[in-house]
Amino acid sequence: MAEIITLFEAIAALVRDGDSVAMEGFTHLIPYAAGHEVIRQGRKNLRLVRMTPDVIYDQLIGAGCAQKLTFSWGGNPGVGSLHRLRDAVERAWPAPLEIQEHGHGDLANAYVAGAANLPFAVLRAYAGSDLPKHNDKIKFIQCPFTGETLAAVPAINPDVAIIHAQKADRKGNVLLWGIVGVQKEAVLASKKSIVTVEEIVDDLKAWPNACILPAWTLSAVCCVPGGAFPSYAHGYYERDNRFYQAWDAISRERGTFQNWMKKHILDTEDFPAFRRALAESSAASVQP
Amino acid sequence: MNDAQPAYTTNEIMTVAAARLLKNGAVCFVGIGLPSTAANLARLTHAPDIVLIYESGPIGAKPPVLPLSIGDGNLAETADTVVSTPEIFRYWLQGGRVDVGFLGAAQIDRFANINTTVIGDYKKPATRLPGAGGAPEIASCAREVVLVLKQSARAFVKQLDFVTSVGYLDGGDARQRLGLPGKGPVAVVTDLCVMAPDPLSKELTVMELHPGVTREQVAKATAWEIQFAGILQETPIPTNTELETLRDLERRTKLAHGNLVGAG
Chain A
1 MAEIITLFEA
11 IAALVRDGDS
21 VAMEGFTHLI
31 PYAAGHEVIR
41 QGRKNLRLVR
51 MTPDVIYDQL
61 IGAGCAQKLT
71 FSWGGNPGVG
81 SLHRLRDAVE
91 RAWPAPLEIQ
101 EHGHGDLANA
111 YVAGAANLPF
121 AVLRAYAGSD
131 LPKHNDKIKF
141 IQCPFTGETL
151 AAVPAINPDV
161 AIIHAQKADR
171 KGNVLLWGIV
181 GVQKEAVLAS
191 KKSIVTVEEI
201 VDDLKAWPNA
211 CILPAWTLSA
221 VCCVPGGAFP
231 SYAHGYYERD
241 NRFYQAWDAI
251 SRERGTFQNW
261 MKKHILDTED
271 FPAFRRALAE
281 SSAASVQP
Chain B
289 MNDAQPAYTT
299 NEIMTVAAAR
309 LLKNGAVCFV
319 GIGLPSTAAN
329 LARLTHAPDI
339 VLIYESGPIG
349 AKPPVLPLSI
359 GDGNLAETAD
369 TVVSTPEIFR
379 YWLQGGRVDV
389 GFLGAAQIDR
399 FANINTTVIG
409 DYKKPATRLP
419 GAGGAPEIAS
429 CAREVVLVLK
439 QSARAFVKQL
449 DFVTSVGYLD
459 GGDARQRLGL
469 PGKGPVAVVT
479 DLCVMAPDPL
489 SKELTVMELH
499 PGVTREQVAK
509 ATAWEIQFAG
519 ILQETPIPTN
529 TELETLRDLE
539 RRTKLAHGNL
549 VGAG
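Chains as they are written, first to last, in the numbering used here: chain A, 1 to 288; chain B, 289 to 552.
The hints are all genuine.
According to the in silico footprint, chain B covers these stretches of chain A (three or more CB under 8 Å from chain B):
id : stretch
1  : 18-28
2  : 96-107
3  : 124-136
4  : 173-180
Hints were generated in silico from the structure; no laboratory data involved. All residues carry an ideal CB built from backbone N, CA and C; glycine is no exception.
Pulled out of the complex, with its shape left as it was, chain A reads as follows (with noise of 0.2 Å):
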């Protein structure tokens, strides 16, 4: 059952040390608070989850927190690479990063199967690719009717699911709308699950077939408004595309990334805090 407590007691009480951990969000309501809470709180050995790593990930691959990295497209949407993943794959920095590199459509399916409790998806992909050689968790499998050739993948059941939604009520039933990606799937398929939410309201007023996470699927719920900025929240704000193209300057260097982190996250206690730091550097035109 949902507890509703702050999101610094949700990450100390339900991630932990060498976790898997699976924050997910299609470009739309990424978990950017939560994500920052973990590097705050120091989190190490995280064994990540996402099928688009963006910035977030970017920011917890070069703080260090991440040992392994499961993953189908890891880049700056819109704008280019990831420099702080590309130097711990490249160069091993901060630290060493196993990568596990699927498809999209193969870990959407792993999700579902996770949620599933199944122990495999199935799919119709991959011949003649060489991820498959580089990945012994894809496999070969012939259907036992057809005869037919088809791909299988292990289903991810991560430690514990993050994502961001509009709206919970005050039981902590969750609703989501807009692109709602693969976050019922990742969240269904982990042991705990995190939820942070633009608003706690009485009622949701949602249709029956809206996509709702019922509060008893989940493990806690947290208000953090504008918490998937600087991605966004369909029906109360907009991406702020300007951020994601500052982050390739910022993140470029080692350096510079450091000193980013240093003033706008691991500086700040919470993410209110890093909204005015990032506010005020912006307006000191140093940095967006």
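Since the structure of chain A is already known, use the hints to place chain B on it.
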């Protein structure tokens, strides 16, 4: 570039030539960047009923400006429906509902296999690229694939460093023998020319040169010995409507996103 300024840029004719390949009413699974620009240009010109699917979940998206990311809010707001990511890949792509997969790439070989994973050795990469995304499944399952990328000898290579998504493997009937549901790439559009696979060998063959482009230029920008069709066509120049629509779209996009343009 010659003394006389052309009325359009090489990027513009590439985008226009790619857009023209999309038929009105086609269901098109769109990658971000160049493919998304060309697909939206098609939608705003000759193909108003084209159905644009983005892998983040929007089906029938009609974005007023180009999305910067594959999951921008304007895709969801203008879509006929928005489904979950697993559903997009399971019911819509694998389910056989996509006519054209529209992709870019970092590297391509003579049989239109593509690399978006790594330059150099996988374990010790010289350059780590973003990775597969949805491309392996799109390349397998879309009825046809159209590729669009700028041409250079670094991109059009003899040997891929990594085969992320398959075209025709080592040519001939190799793809057919794998039993993939989609028939594979039908065109590769670059800033110099338009290529198509030879019907038998499946080797990419230049079918059209963009106006003013020479065979030598294309050969120099290709690391393998590129073949040319017996009867080589010239790409029809962009019409005023196409150019005005594309420029207007890019102007609106720039206004909406600041200085960022929908680069992938």
